[in-house]
Amino acid sequence: MEENDEEGMLFKIDYEKAYDRLEWSFIDKELDCLNLGKSFKRRIKIFYRDISSSVINNGWATKSFKISRGVRQGCPLSPYLFILCAKIFSSIITKEPLIAGINVNENNIKKSQLAEDTTHFLDGKLNTLEKVLSIMEEFKIVSGLKANYDKCEIAPLGALRRLGLNYTVPNNIRIIK
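Residue numbers (my numbering): 1 to 177.
Hints in this document: simulated from the structure, not taken from any laboratory.
For glycine and all other residues, C-beta sits at the position ideal for the given N, C-alpha and C.
One or more of the hints may lead you astray.
What the hints assert, rightly or not - FRET-style restraints, in silico, Cβ to Cβ:
| id | residue 1 | residue 2 | range |
| --- | --- | --- | --- |
| 1 | Gly-59 | Lys-177 | 44 to 52 Å |
| 2 | Gly-59 | Asn-103 | 56 to 64 Å |
| 3 | Gly-164 | Gln-113 | 26 to 34 Å |
| 4 | Ser-91 | Ser-54 | 33 to 41 Å |
| 5 | Ile-175 | Glu-6 | 16 to 24 Å |
| 6 | Asp-14 | Phe-65 | 22 to 30 Å |
| 7 | Ile-175 | Ile-92 | 43 to 51 Å |
Claimed, not checked - With a cut-off of at most 25 Å between alpha-carbon atoms, the simulated PhoX-like pairs for lysine-lysine come out as follows:
| id | residue 1 | residue 2 |
| --- | --- | --- |
| 8 | Lys-29 | Lys-146 |
| 9 | Lys-29 | Lys-140 |
| 10 | Lys-63 | Lys-17 |
| 11 | Lys-140 | Lys-17 |
| 12 | Lys-177 | Lys-12 |
| 13 | Lys-87 | Lys-125 |
| 14 | Lys-110 | Lys-12 |
| 15 | Lys-110 | Lys-87 |
| 16 | Lys-131 | Lys-111 |
| 17 | Lys-146 | Lys-111 |
| 18 | Lys-12 | Lys-125 |
| 19 | Lys-12 | Lys-146 |
| 20 | Lys-177 | Lys-111 |
| 21 | Lys-151 | Lys-17 |
| 22 | Lys-140 | Lys-87 |
| 23 | Lys-140 | Lys-45 |
| 24 | Lys-66 | Lys-140 |
| 25 | Lys-111 | Lys-140 |
| 26 | Lys-140 | Lys-41 |
| 27 | Lys-29 | Lys-87 |
| 28 | Lys-140 | Lys-110 |
| 29 | Lys-66 | Lys-110 |
| 30 | Lys-12 | Lys-111 |
| 31 | Lys-125 | Lys-177 |
| 32 | Lys-95 | Lys-146 |
| 33 | Lys-151 | Lys-111 |
| 34 | Lys-110 | Lys-95 |
| 35 | Lys-110 | Lys-151 |
| 36 | Lys-41 | Lys-17 |
| 37 | Lys-125 | Lys-151 |
| 38 | Lys-110 | Lys-125 |
| 39 | Lys-151 | Lys-63 |
| 40 | Lys-17 | Lys-45 |
Produce the entire structure from the sequences given, and follow the hints as far as they go.
Dropping the structure here:
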């Protein structure tokens with residue numbers, strides 16, 4: 001990008017309480033779409049539905065309370081369920097024609113994802129970033145996943161890194177120099 005004087009940016013998304021916020025109805029719909037079968041889905045529900053928990057602090061346990069959404073952090077299955085749901089968001093971004101990625105060796109790249117760590121490769125234009133943010137807000141309504149904009153970051157690439165952004169970044173997202 002530097003040699004061709006192209007513009008681009010990395011947009012790292014931090015999800016607020018990523019595992020805790022996933023809506024069970026969204027997980028159910030994703031499992032249905034994957035056609036994994038009723039038996040598999042029933043087993044998943046055993047781990048995540050109609051459960052309660054309590055908090056231990058300094059050796060004292062609170063009264064138990066019902067868990068109404070989310071997947072347990074630390075449970076070996078949770079990252080996989082999260083990935084299944086987050087891949088829907090990534091798929092929407094990848095297929096959206098108004099969102100341009102960056103070109104690397106003649107391949108257009110738009111995202112990288114590892115569990116709850118999501119980075120989008122964007123062309124650096126304000127309208128592209130705004131479209132991603134708009135889709136994120138729509139996705140939050142159905143999935144429960146919410147971006148923590150205080151921890152999201154943008155890293156300008158290529159000419160954009162040298163020249164700087166010529167617009168104000170929405171939601172006070174931090175820009176890495």
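Status of the hints after comparison with the structure:
{"no.": "1", "hint": "Gly-59 x Lys-177: 44 to 52 Å", "in the structure": "46 Å, holds"}
{"no.": "2", "hint": "Gly-59 x Asn-103: 56 to 64 Å", "in the structure": "57 Å, holds"}
{"no.": "3", "hint": "Gly-164 x Gln-113: 26 to 34 Å", "in the structure": "28 Å, holds"}
{"no.": "4", "hint": "Ser-91 x Ser-54: 33 to 41 Å", "in the structure": "37 Å, holds"}
{"no.": "5", "hint": "Ile-175 x Glu-6: 16 to 24 Å", "in the structure": "18 Å, holds"}
{"no.": "6", "hint": "Asp-14 x Phe-65: 22 to 30 Å", "in the structure": "26 Å, holds"}
{"no.": "7", "hint": "Ile-175 x Ile-92: 43 to 51 Å", "in the structure": "25 Å, violated"}
{"no.": "8", "hint": "Lys-29 x Lys-146", "in the structure": "19 Å, holds"}
{"no.": "9", "hint": "Lys-29 x Lys-140", "in the structure": "15 Å, holds"}
{"no.": "10", "hint": "Lys-63 x Lys-17", "in the structure": "22 Å, holds"}
{"no.": "11", "hint": "Lys-140 x Lys-17", "in the structure": "13 Å, holds"}
{"no.": "12", "hint": "Lys-177 x Lys-12", "in the structure": "14 Å, holds"}
{"no.": "13", "hint": "Lys-87 x Lys-125", "in the structure": "24 Å, holds"}
{"no.": "14", "hint": "Lys-110 x Lys-12", "in the structure": "12 Å, holds"}
{"no.": "15", "hint": "Lys-110 x Lys-87", "in the structure": "13 Å, holds"}
{"no.": "16", "hint": "Lys-131 x Lys-111", "in the structure": "14 Å, holds"}
{"no.": "17", "hint": "Lys-146 x Lys-111", "in the structure": "18 Å, holds"}
{"no.": "18", "hint": "Lys-12 x Lys-125", "in the structure": "16 Å, holds"}
{"no.": "19", "hint": "Lys-12 x Lys-146", "in the structure": "13 Å, holds"}
{"no.": "20", "hint": "Lys-177 x Lys-111", "in the structure": "21 Å, holds"}
{"no.": "21", "hint": "Lys-151 x Lys-17", "in the structure": "12 Å, holds"}
{"no.": "22", "hint": "Lys-140 x Lys-87", "in the structure": "14 Å, holds"}
{"no.": "23", "hint": "Lys-140 x Lys-45", "in the structure": "22 Å, holds"}
{"no.": "24", "hint": "Lys-66 x Lys-140", "in the structure": "22 Å, holds"}
{"no.": "25", "hint": "Lys-111 x Lys-140", "in the structure": "18 Å, holds"}
{"no.": "26", "hint": "Lys-140 x Lys-41", "in the structure": "23 Å, holds"}
{"no.": "27", "hint": "Lys-29 x Lys-87", "in the structure": "13 Å, holds"}
{"no.": "28", "hint": "Lys-140 x Lys-110", "in the structure": "20 Å, holds"}
{"no.": "29", "hint": "Lys-66 x Lys-110", "in the structure": "39 Å, violated"}
{"no.": "30", "hint": "Lys-12 x Lys-111", "in the structure": "10 Å, holds"}
{"no.": "31", "hint": "Lys-125 x Lys-177", "in the structure": "17 Å, holds"}
{"no.": "32", "hint": "Lys-95 x Lys-146", "in the structure": "21 Å, holds"}
{"no.": "33", "hint": "Lys-151 x Lys-111", "in the structure": "18 Å, holds"}
{"no.": "34", "hint": "Lys-110 x Lys-95", "in the structure": "10 Å, holds"}
{"no.": "35", "hint": "Lys-110 x Lys-151", "in the structure": "20 Å, holds"}
{"no.": "36", "hint": "Lys-41 x Lys-17", "in the structure": "24 Å, holds"}
{"no.": "37", "hint": "Lys-125 x Lys-151", "in the structure": "21 Å, holds"}
{"no.": "38", "hint": "Lys-110 x Lys-125", "in the structure": "14 Å, holds"}
{"no.": "39", "hint": "Lys-151 x Lys-63", "in the structure": "32 Å, violated"}
{"no.": "40", "hint": "Lys-17 x Lys-45", "in the structure": "21 Å, holds"}
Hint violations for this structure: numbers 7, 29 and 39, all remaining hints satisfied.
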